[in-house]
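Novice: Could you build all of it, start to finish, from the sequences and the hints given here?
Number of protein chains: 2
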Amino acid sequence: MITRARIKWIKSLEMRKFRLLHNAFVAEGPKLVGELLPYSTPLYVAATQEWLTENSHLLSDLTEVDVVNQEELERVSLLRTPQSVLAVMPIREKKLDLATLQSQLVIALDGVQDPGNLGTILRIADWFGIHQILCSEGTADVYNPKCVQSCMGALARVEVHYCNLPDVLACIQMPVYGTFLDGTDIYGEALSAYGIIVMGNEGNGISKEVAKLVSHRLYIPNFPKGSFTTESLNVAIATGIVCAEFRRRMN
Amino acid sequence: MITRARIKWIKSLEMRKFRLLHNAFVAEGPKLVGELLPYSTPLYVAATQEWLTENSHLLSDLTEVDVVNQEELERVSLLRTPQSVLAVMPIREKKLDLATLQSQLVIALDGVQDPGNLGTILRIADWFGIHQILCSEGTADVYNPKCVQSCMGALARVEVHYCNLPDVLACIQMPVYGTFLDGTDIYGEALSAYGIIVMGNEGNGISKEVAKLVSHRLYIPNFPKGSFTTESLNVAIATGIVCAEFRRRMN
Numbered sequence: 000m001i002t003r004a005r006i007k008w009i010k011s012l013e014m015r016k017f018r019l020l021h022n023a024f025v026a027e028g029p030k031l032v033g034e035l036l037p038y039s040t041p042l043y044v045a046a047t048q049e050w051l052t053e054n055s056h057l058l059s060d061l062t063e064v065d066v067v068n069q070e071e072l073e074r075v076s077l078l079r080t081p082q083s084v085l086a087v088m089p090i091r092e093k094k095l096d097l098a099t100l101q102s103q104l105v106i107a108l109d110g111v112q113d114p115g116n117l118g119t120i121l122r123i124a125d126w127f128g129i130h131q132i133l134c135s136e137g138t139a140d141v142y143n144p145k146c147v148q149s150c151m152g153a154l155a156r157v158e159v160h161y162c163n164l165p166d167v168l169a170c171i172q173m174p175v176y177g178t179f180l181d182g183t184d185i186y187g188e189a190l191s192a193y194g195i196i197v198m199g200n201e202g203n204g205i206s207k208e209v210a211k212l213v214s215h216r217l218y219i220p221n222f223p224k225g226s227f228t229t230e231s232l233n234v235a236i237a238t239g240i241v242c243a244e245f246r247r248r249m250n
Numbered sequence: 000m001i002t003r004a005r006i007k008w009i010k011s012l013e014m015r016k017f018r019l020l021h022n023a024f025v026a027e028g029p030k031l032v033g034e035l036l037p038y039s040t041p042l043y044v045a046a047t048q049e050w051l052t053e054n055s056h057l058l059s060d061l062t063e064v065d066v067v068n069q070e071e072l073e074r075v076s077l078l079r080t081p082q083s084v085l086a087v088m089p090i091r092e093k094k095l096d097l098a099t100l101q102s103q104l105v106i107a108l109d110g111v112q113d114p115g116n117l118g119t120i121l122r123i124a125d126w127f128g129i130h131q132i133l134c135s136e137g138t139a140d141v142y143n144p145k146c147v148q149s150c151m152g153a154l155a156r157v158e159v160h161y162c163n164l165p166d167v168l169a170c171i172q173m174p175v176y177g178t179f180l181d182g183t184d185i186y187g188e189a190l191s192a193y194g195i196i197v198m199g200n201e202g203n204g205i206s207k208e209v210a211k212l213v214s215h216r217l218y219i220p221n222f223p224k225g226s227f228t229t230e231s232l233n234v235a236i237a238t239g240i241v242c243a244e245f246r247r248r249m250n
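Those protein sequences? They're chains A and B, same order as listed.
The first sequence runs 0 to 250 under numbering that gives the first Met the number 0.
The second sequence runs 0 to 250 under numbering that gives the first Met the number 0.
Just to be clear, a hint being listed does not mean it is correct.
Repeated chains share a single entry, so a pair holds when one copy, or any two copies, can fit it.
[As the list claims (entries may be wrong)] Derived lysine-lysine pairs resembling PhoX-like cross-links, with alpha carbons at most 25 Å apart: (1) K93 <-> K16; (2) K224 <-> K30; (3) K145 <-> K7; (4) K30 <-> K207.
Rather than coming from a laboratory, the hints here were simulated on the basis of the structure.
A quick note: this is a predicted structure, and the numbers were derived from the prediction, not measured.
Specialist: Structure (structure tokens):
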């Protein structure tokens, strides 16, 4: 049985302001929760007896637990089809340390608005061994339930920092790459093993303020080059292609 | 003023069986409708006076038109936030001709279920000059409103054929590529300028039946190679990276 106060607390975490206030977010489903457990101790878990029988050894004594049936789970879930476990996880934001970025490949998102795109980009970062993502203040919240559910365990392995992106880019001593429709063919450019890859907003691309700080303007060529096609690639697709190309050069 | 019968007709097109019955689908918004108009004559248009003033010269006499206000548009729209124009477009499926595929690069989708992924893959195909997509019978419907809205004008330039995919692959005389977690590094493989690129279901990948017909098993290496990361890339991201690599070799 889940208390009313607890239901209210969980439901409130659907909104960013309450996530910030409580410093917590919701993760659901056995796969996602299972991937997060090795990295972080939940504040709270609501789970079916079945899930608990298999997984309670993974929980610490610090986690409060409610055993629930499907009906109760549906009452607290933020999803349409809740599955056996819901966990409230602590948000542990590490302070951004520019020095640690210096020798790495880093993704910077300038106003990516769709939480699904953000989640997909986290998975891309994780796949390609990119451990740091910088987000402009206008970028979607990584702890939005839609993003959490789509990025799976990547959330535990990739650090996301919200910051004043122009300020950070202005004082970083690394090449800054960005994709532009009038950039130069990425396959003809020298790509460094480290640097910042800036990806822009879904509709408007990279903002003017950030564009000024991009030192290498790239372009993913369409085929045949210069033919009349789709206006642009989806931002997550472009991120995938650019990251794959950076890593191909290093292999 | 839109008649009741017409509202019923439009609303019915949200469902696949009625799209098949009426041989029509719904496209909405000035950008998408504007991109489709040069390729196809709508059966019907509901639009604001503003849109019509600017665009009526693009419509033929064959299109029935209702001038509507925002409130009426909301009543017929399949979207949450309808924008100035809704068009009912004819579905014109061309017969699949295996001979025309022979010298081309073709994408085959084996059970891709999410209409958003399908739409994104159409945009990728369009960007990379891939004009033919084969879909297994279990793949999402390209005329699903969510897919239509996400693939934009690519829908007009890329032909999508639903077919018995194993049967088609079995009789085609081209290399068949597919991505598998145990495939060989795509960057070390010879890639042909033509062939079929098979992409699988979001959760289960390529089906066993289709996997038997894949002649070249590829893998997009993570970084560092063999490290512990996200289980797999989203299917649309993988499609983007594979298509970019095929086209890079040809440039």
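Novice: Take the hints in turn and mark each one as holding or not.
Specialist: Hint check:
Within a single copy, K93 and K16 get their C-alpha atoms as close as 19 Å, which meets the 25 Å cut-off; across copies the closest is 51 Å, which misses it. For the homomeric pair K224 and K30, the shortest alpha-carbon distance between copies (24 Å) is at most 25 Å, but the shortest distance inside one copy (42 Å) is not. In the homo-oligomer, the alpha carbons of K145 and K7 lie at most 25 Å apart inside one protomer (19 Å), although the nearest pairing across protomers, at 32 Å, exceeds that limit. In this assembly of identical chains, K30 and K207 lie within 25 Å of each other by CA distance solely across copies; the values are 24 Å between and 40 Å within a copy.
Checked against the numbered hints above, the structure breaks none of them.
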